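Please take these sequences and the hints and turn them into a complete structure.
Per UniProt numbering, numbering through the sequence shown is continuous, rising by one, with the last residue being 629.
Simulated from the structure, these hints should not be mistaken for laboratory data. Since we're looking at a predicted model, the values are computed, not measured. Each hint should be verified, as a subset may be incorrect.
[Claimed, not checked] Calculated pairs, DSBU-like style, for lysine-lysine (alpha carbon to alpha carbon, straight line, at most 35 angstroms):
(1) K220 to K292
(2) K292 to K322
(3) K539 to K410
(4) K539 to K522
(5) K322 to K408
(6) K210 to K220
(7) K178 to K195
(8) K539 to K419
(9) K553 to K322
(10) K343 to K195
(11) K539 to K408
[What the hints assert, rightly or not] Okay, the calculated beta carbon distance ranges per label pair:
(12) K553 to Q212: 24 to 34 angstroms
(13) Q212 to K322: 34 to 44 angstroms
(14) T224 to K322: 23 to 33 angstroms
(15) R83 to E160: 14 to 24 angstroms
(16) T487 to Q590: 53 to 63 angstroms
(17) K322 to N496: 42 to 52 angstroms
Ideal Cβ positions, reconstructed from N, Cα and C, are used throughout, including at glycine.
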Amino acid sequence: MAQIQPWRLLDWLTSLWLPERRDNHGATTHGELQRTIENQPTIQALGWVYQLLGIRSLRTTPYHPQTDGLTERFNQTLKQMLRKFVNNSGTDWDQWLPYLLFAYREVPQASTGFSPFELLYGHEVRGPLSLLREIWEGGKGKGESLNVISYVVQMREQLEKMSELAQSHMREAQQQQKSWYDRSARQRSFNSGQKVLVLLPSDDNKLLAKWQGPFEILKKLGPTTYQVATPGRPRASRTLHINLLKEWVPRPERKEVMLIRGVQEEEEVDEQYLPSAGAPGDHNLNHLSEDKQLQVREICNSEVFQENPGRTNIVEHDIVMKEGASVRRLSYRIPERLLASLKKEIDLMLSLGIIEISRSEWCNPVVLVPKKDGSLRFCIDFRYLNSISQFDSYPTPRIDELLERLGKAKYLTTIDLCKGYWQVPLTERSRELTAFRTPWGLFQFSVMPFGLHGAPATFQRLMDQVLCGFTDFAAAYLDDIVIYSTTWEEHLEHLNAVLDRLHAAGLTINSSKCVFAAAETKYLGHSIGNGVIRPQVNKIQAIGSCPLPHTRKQLRSFLGMAGFYHRFIPQFSTRAALLTDMTGSRCPNQIQWTEEAVAAFHDIQQSLRTTRRPPSSCLHQPENVPQRS
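Below you can see the structure in the form of structure tokens.
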């Protein structure tokens, strides 16, 4: 026998198992290698093996890895295991590969329940651990030796039994995998003559593929295969799987480029850019007697009601950047027909000191957002700036807890600040971060603009400082201030105290949106007063008339609207559980409605129509307060 290198011997042993030899008495001893396998199996010999074992050879299509799922997954697993013990440079991975494959072959596979070696040879692999066990047990044999015929019959029976079990396990695993895959899959189809994009090899690199086209569908050959015309290529047409096709959507002609984002406006459609000055008008006090109207006017006749936003001296908003961040974003082109409106807004903000001329290297794009009345709201797109700046975690009040404090009040006053954010100055270092470009130059904000993710926390911190010590009769949710009292005399005192605090802080009030000394009013989407808290009627009507959503995004929107009033729906989480599960990332984007889902959808709508919040006096009784889990 020719001399064999040790590592070559180990390579051969790890490809099968550690050999053993029995003596005349049936005892097992360690064997020696007698000969090596010299000839590699040829394609013809491999075909004989397939025929003998009943294996059907299938060829896969290029750029369609779904057909090689097991192979692709095994390659990924193999790489992850190699990373555990190769050197830092990774150059010795090939030396460890045979031993890793040997260890992998003796581990049971999750889908079949057996190791690959067991399914191939019909018995467990004899590895290092088996050898170590035999040594510890004193070299005990495995039992009586069998003749060739008995061994073949026993191995065949064992292989058949293992094959049945493996196939049963595989069917269960495949059914589970299919159910998970189908949750995010959706049915697609194309018509003859329709334009599609095709995933084809790149001209620069044949190993890379990209979407090319458009090409035309010639005809449908099967449930998931189509014949696609590919002019200008070696083949005039190709038969392709639907996973390699994507609908072609032509771009509309580009005339005017502007980023427009639709928003849900508040109820008031007659909103003024800046409210008119002066004390409360008659429309705010008509529900009061003449004597009470006079008393309220005496209190409200102060400098706190102004036409322009004030400027507080209590806090400043500061933007803290993350290290290594910079902003210089491309601007959106403004259509010519909107330049006049934009120029008017710029001039107004300059005259009020809201913005100033900038020399900053930073630049944020301008966004014009349409409102219900057809006019446009001037905004700045601060999304990228928000992503690279630190977040302020200062809390805002819980709406449900805030409403419970107001339910018993007999007199309620709601105050809305005049452009509240614009009454908070920016620090000097933060001003240049808010710079934006217009056709008339570069400008930056001198006050806190709308759209900064830290702005709500800064403003809530300001209101908490202004109303410090008034928590028994006043509260604020951002710029929505509410004053609540049980007697008329107390309410006048409370109103006067809050107005004095606002004036001392340099804040101004939007009188057109204020309601004074009302028995019932609207606050934070609810109707409160007379000992009752209930949702606003128009909000409930909007939710009740909402049609069945078609996409996950629409369903999330509905659940968000209904969830805002979850306190009025008993066991809301249980009722909405089925709908919430349908919004998961593994579910199809197009909602597939079942009878149970439709019933749950209508049940939530009906509950909001009929459920009325009990009087707030009942809500403060401990025995009626639901316990949180």
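Status of the hints after comparison with the structure:
1. K220 to K292: 79 angstroms, violated
2. K292 to K322: 54 angstroms, violated
3. K539 to K410: 24 angstroms, holds
4. K539 to K522: With a Cα-Cα distance of about 12 angstroms, the restraint between K539 and K522 holds, given a limit of 35 angstroms.
5. K322 to K408: Measuring from Cα to Cα gives roughly 47 angstroms; hence the hint is violated.
6. K210 to K220: 23 angstroms, holds
7. K178 to K195: Status holds; Cα separation ~30 angstroms.
8. K539 to K419: Holds. K539 to K419 sits at ~25 angstroms (cutoff 35 angstroms).
9. K553 to K322: 32 angstroms, holds
10. K343 to K195: 44 angstroms, violated
11. K539 to K408: 23 angstroms, holds
12. K553 to Q212: 24 to 34 angstroms: The hint (24 to 34 angstroms, Cβ to Cβ) holds, given that K553 and Q212 are roughly 30 angstroms apart.
13. Q212 to K322: 34 to 44 angstroms: For K322 against Q212, whose Cβ atoms are near 39 angstroms apart, the range 34 to 44 angstroms holds.
14. T224 to K322: 23 to 33 angstroms: 47 angstroms, violated
15. R83 to E160: 14 to 24 angstroms: 39 angstroms, violated
16. T487 to Q590: 53 to 63 angstroms: About 58 angstroms separates the Cβ atoms of T487 and Q590, which means 53 to 63 angstroms holds.
17. K322 to N496: 42 to 52 angstroms: Since K322 and N496 have Cβ atoms about 45 angstroms apart, the given range 42 to 52 angstroms holds.
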